[in-house]
Amino acid sequence: MYPLFLVLILGFCYSLSIAPSLTWAHFSADGGDLISAAITGGVPHPSGYPLYLILARGFQFIPIGDLAFRTNLLSAVCTIFAALLLYAYLLRQLSDHPLRQWISFLAALAYGLAPLVWGQALVTEVYALHSLLMMLCLHALSLKESTLNEWARGFVFGISATNHLTAIMMFPLLALGSDGKLLVSPAVLFKRFLGVAIGLSLYLSLPLRAYFDPPVNWGNSSTLEGFFWLISGQLYHQYQFRLPLADVIQRLGAFAGFLLNQYTGLGVLLGIYGLISQPPRRVLIPTLWMATVFLLFAIFYGSSDSQVNLLPVWMAFVIWIAYGLLDIFSALQDRPKLSISLAGLFFAALMIRIPFLFPSVDASKDFRARDFLNHAAQVIPQNSLVFVDGDEQIFSLWYLQFALNQRLDLAIIAEGLLPYKWYRENLQYTYTYLMMPPKDKPQLSDIAASNSGRAICYISHDEPILCSQNR
Amino acid sequence: MNRKNRFLIAVVLSIVLIFVAAGVWAAPKFQGTVPPVPQIPVTGDCLETVNMSTAIFTVQPTDCIKEVALISDPAGTYVPAPEGLAFVGDTFKVTTDPEDAIVQVCYAYPPEFADKDAMIYRLNEDATPNVWVEIPGADAVDGTTCVASAAGVFSLIGNP
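One line per chain: the protein sequences are A and B, in this order.
Counting the first sequence from 1 gives a position; my numbering is that position plus 80.
Counting the second sequence from 1 gives a position; my numbering is that position plus 57.
So that you can see chain A by itself, here it is in the shape it has in the complex (with noise of 0.2 Å):
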């Protein structure tokens, strides 16, 4: 009955503001990227996503909606999922409490409607399914051994990194004894690890995606230098640990303000209230790392959009919610009828709140992409060379040409993308015709220059484009 409630409160939500196609709200710049890759069988940018490319493709095999929709539609399906898996673990956690399935409702739903949650649910992003993945990591953590090898427990955190490289940061936990030990033998260790070897094997597949040379390549990966450039991120490494003092304090801040976004202030201090209640071991030691963890990565990671990265550490505080919950349920525990009027009332307040979020997630009118893409389309001569500079008008016209199929008259080159060897022999057979000059370092004037008689036109970022004819 509550796992029904749970999908039908939150299926609802979602399908009132999933995006109608591609779509750039919620930081989902990346995701023209992603679909092409998936559609092409291409590989997408560090560290390629593997899992997320199967997932997203058997999604595109569903015959509603255009192919982005489509895509959007398996992050908000992996949004239920995760918020079901985690009814699941607390109802296990909280197993000799008469309104466990109260407690691990609210919770659950709690979390499938916090404003980042829900906002992930309705893109095409890697982030939707990484939280599933994390929620499967800690539900995996807690499983008996009786219930769950060992090398199927190592399974399950090796899977989650080949779709997001950040469970990596969940690894040590697999040091952590499921039967009340603290810390596992060294055979059991071994066997866990050899699991997650067995799950990281994905990343494989990869080299054979590149192999094909599709036209979404990046990296790549079919040789061994770019395979590990790929899967390593080292593209991403130049904004590890590279913000400015004063944006580490503005994002510290920041986060107490998205805290109070997600959770409001009776969530919040239910939630440091669940913590300092003392959750069992078993709950509170994976939790708090998956929690500090990801808040150091999110606030030291330097890119714009690092703030999806908190999405575990939601997860991880709304389980301390549950706690705080159970321990002021466990107080009323003589008064049965008043325990189920607050219990009543939280739900009250879930669902109240949704009107009030509904206009600060709704993507469903999110345009921005199309009209990009119709207003390129319109305006961008026949046979032009397009340059382009950034993430969601690159990846927009990606999605246009090789997802869609249209204007394949163009030649689409994403300026930053130009100082890698690999980049511009991806251009060299996806556009057979372009002549690239024989540099290390083409400038785009080089480039104009050996391709006379073409358009040119630019793009960069939100700026009107440009075009003008190439004598």
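In case anyone wonders, no lab produced these hints; they're calculated from the structure.
A quick note: this is a predicted structure, and the numbers were derived from the prediction, not measured.
Take these hints with a grain of salt, some might be off.
Stated by the list, open to error - The list that follows gives simulated cross-link-like pairs (lysine-lysine, DSS-like), each with its CA atoms no further than 27 Å apart:
(1) Lys501/A <-> Lys86/B
(2) Lys521/A <-> Lys86/B
(3) Lys445/A <-> Lys501/A
Using the hints, position chain B against chain A.
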């Protein structure tokens, strides 16, 4: 720790969080998935034409362009746009040999720029303080606007 004390601590910590809460997540501009385009000036011993994508600079065969650099913050580096106007296109510093060589400056000129009455301006560096001066005689044809001027700092300025 008893329930009352735990609750008090939770209340105090929640209040602290409310007080330190700030609204904006510090997000470095354009540090996304595709690395930002490095703003490297185009240099050479003697270039006749330099294509900077949004603008093309050409000199007579007897003269040379030594460098064209994109100025990402013209208001900060030099002076703001004239009152009531704004920078609508890129700003470039063009260095030539001889220093005062005549440069043909051509900016891409889509309808969005025409709607803003955007014109090519040159920075008068002899004035104190420096001032942006419109270069007369602009010729806008086929999505491009061109003028001829002595080398210097150029920008496309129009209505905001």
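Here is how each hint holds up against the structure:
no., hint, verdict
1, Lys501/A <-> Lys86/B, "holds (26 Å)"
2, Lys521/A <-> Lys86/B, "holds (24 Å)"
3, Lys445/A <-> Lys501/A, "violated (39 Å)"
Comparing the model with each earlier hint shows a violation of hint 3 alone; every other hint is respected.
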